[in-house]
Amino acid sequence: ILNVEQSPQSLHVQEGDSTNFTCSFPSSNFYALHWYRWETAKSPEALFVMTLNGDEKKKGRISATLNTKEGYSYLYIKGSQPEDSATYLCAPLGAAGNKLTFGGGTRVLVKP
Amino acid sequence: NAGVMQNPRHLVRRRGQEARLRCSPMKGHSHVYWYRQLPEEGLKFMVYLQKENIIDESGMPKERFSAEFPKEGPSILRIQQVVRGDSAAYFCASSPPGTGADSGNTIYFGEGSWLTVV
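Protein chains in written order, with the working numbering: chain A, 27 to 138; chain B, 1023 to 1140.
Okay, chain B solo, but in the shape it has when bound (with noise of 0.2 Å):
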């Protein structure tokens, strides 16, 4: 069983365009979370979604960030308009359905994206 696979784990863009970022959660699960690590500071929760639906985005910067888990396919968070302070490490997590982390079920996290804007 795969673990969350996250693509790409190197990403380079200059200033102004997009990041596109994926995510493939373990198999089966249906919850994904979002975080991300700025340098020198810890993980930061961005955005919670299940199949189709955001379910909380409370971390989300309100501007340029976005977020998706369509019914087939990775969860996509893309960033409009980079700018070098979104050089960041972007994790994604997962979890089994019909449970999240309130479950008291564990969260699987991938190895990470590595978004440096130039």
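Chain A extracted, bound-state conformation (with noise of 0.2 Å):
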């Protein structure tokens, strides 16, 4: 079972300011990360799959890098807006693995 922390746990942005937030997970062993964006009462959203080490992958105002080594990756949102409000989840894979395990999400709230 992989070790998937995520911090903080929740985040109240003013809107218009930029924020990043943390998953880490065990290094070694690592396959690929997967980022999710998840609404309330919605299906957990695909944002990103990542596999190599520094790899960094944008989605309109929303950013991400990884480091494999160190076993953690950053997501980032540029001018929060409202609509970016919802838990933002990321999913570690070993290379063993064939399933996907969560961490406990970064709850995003962007006040107008």
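Hints may be right or wrong, so weigh each one.
As the list claims (entries may be wrong) - If you want a taste of the chain A side facing chain B, the calculated C-beta under 7 Å gives, among others: (1) T66; (2) P70; (3) A72; (4) V75; (5) S111; (6) K125; (7) F128; (8) G130; (9) G131.
Stated by the list, open to error - Below, in silico cross-link-like pairs of lysine-lysine (DSS-like), each with a Cα-Cα straight-line distance of 27 Å or less: (10) K1066/B <-> K1084/B; (11) K137/A <-> K85/A; (12) K137/A <-> K104/A; (13) K137/A <-> K68/A; (14) K83/A <-> K137/A; (15) K85/A <-> K1093/B; (16) K83/A <-> K104/A; (17) K95/A <-> K1066/B; (18) K1066/B <-> K83/A; (19) K68/A <-> K1049/B; (20) K137/A <-> K84/A; (21) K1084/B <-> K1073/B; (22) K1049/B <-> K1073/B; (23) K1066/B <-> K68/A.
What the hints contain is simulated information worked out from the structure, not anything from laboratory work. Heads up, the beta-carbon is just placed ideally off N, CA and C, and yes, glycines get one too.
Each chain sits in its own coordinate frame; assemble them with the hints.
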């Protein structure tokens, strides 16, 4: 079982401000990292799949970086908007694994 | 292309009854995963299936829970003799054929089935 930590658990951001938060995972035996955005009562929406150390991915105002050697990934939201309010989940996958193990998520609330 | 379809969206069962949750994966997907979200908790893996095969059921409770993904039709998560502690949101996800999450491909989630046991 992979130990996945996301911090902080929750985050209040003023509209227009940028923010970032962390996903930590075991660096050994790493294969891939998935990021999801999850709004209440909806299905988790896939944001990124990252596999390479140093990888950086971007989707609109949201971007993510990956450090597989030290076992962490950052997700950044630039110029936060109220519609960015959601829980952001990360899920690493070990090389021997076949399923995603989710962290507890970072709940982001963007205040107008 | 319809997404992952789950039904029912909401299900109420009395203690001791059976609950059946259905999941139709995205068209062309042959890998299905079931996750559970208990109140105030995150998504916990339950089971990973391919057509007619259970690949990994390490997250399934040992008793009362079973899952199948037949050659034809949706995947079914079955909970027998439900108890109050089974009340949760159950999410299904799917991924393309020949690959699982370990391929680096995205897996796609349904909107969940909310089970309430009274």
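Hint-by-hint comparison with the structure:
{"no.": "1", "hint": "T66", "verdict": "violated, 10 Å"}
{"no.": "2", "hint": "P70", "verdict": "holds, 5 Å"}
{"no.": "3", "hint": "A72", "verdict": "holds, 4 Å"}
{"no.": "4", "hint": "V75", "verdict": "holds, 6 Å"}
{"no.": "5", "hint": "S111", "verdict": "violated, 18 Å"}
{"no.": "6", "hint": "K125", "verdict": "holds, 5 Å"}
{"no.": "7", "hint": "F128", "verdict": "holds, 4 Å"}
{"no.": "8", "hint": "G130", "verdict": "holds, 5 Å"}
{"no.": "9", "hint": "G131", "verdict": "holds, 6 Å"}
{"no.": "10", "hint": "K1066/B <-> K1084/B", "verdict": "holds, 15 Å"}
{"no.": "11", "hint": "K137/A <-> K85/A", "verdict": "holds, 22 Å"}
{"no.": "12", "hint": "K137/A <-> K104/A", "verdict": "holds, 14 Å"}
{"no.": "13", "hint": "K137/A <-> K68/A", "verdict": "holds, 21 Å"}
{"no.": "14", "hint": "K83/A <-> K137/A", "verdict": "holds, 26 Å"}
{"no.": "15", "hint": "K85/A <-> K1093/B", "verdict": "violated, 37 Å"}
{"no.": "16", "hint": "K83/A <-> K104/A", "verdict": "holds, 13 Å"}
{"no.": "17", "hint": "K95/A <-> K1066/B", "verdict": "holds, 26 Å"}
{"no.": "18", "hint": "K1066/B <-> K83/A", "verdict": "holds, 26 Å"}
{"no.": "19", "hint": "K68/A <-> K1049/B", "verdict": "holds, 20 Å"}
{"no.": "20", "hint": "K137/A <-> K84/A", "verdict": "holds, 23 Å"}
{"no.": "21", "hint": "K1084/B <-> K1073/B", "verdict": "holds, 22 Å"}
{"no.": "22", "hint": "K1049/B <-> K1073/B", "verdict": "holds, 13 Å"}
{"no.": "23", "hint": "K1066/B <-> K68/A", "verdict": "holds, 17 Å"}
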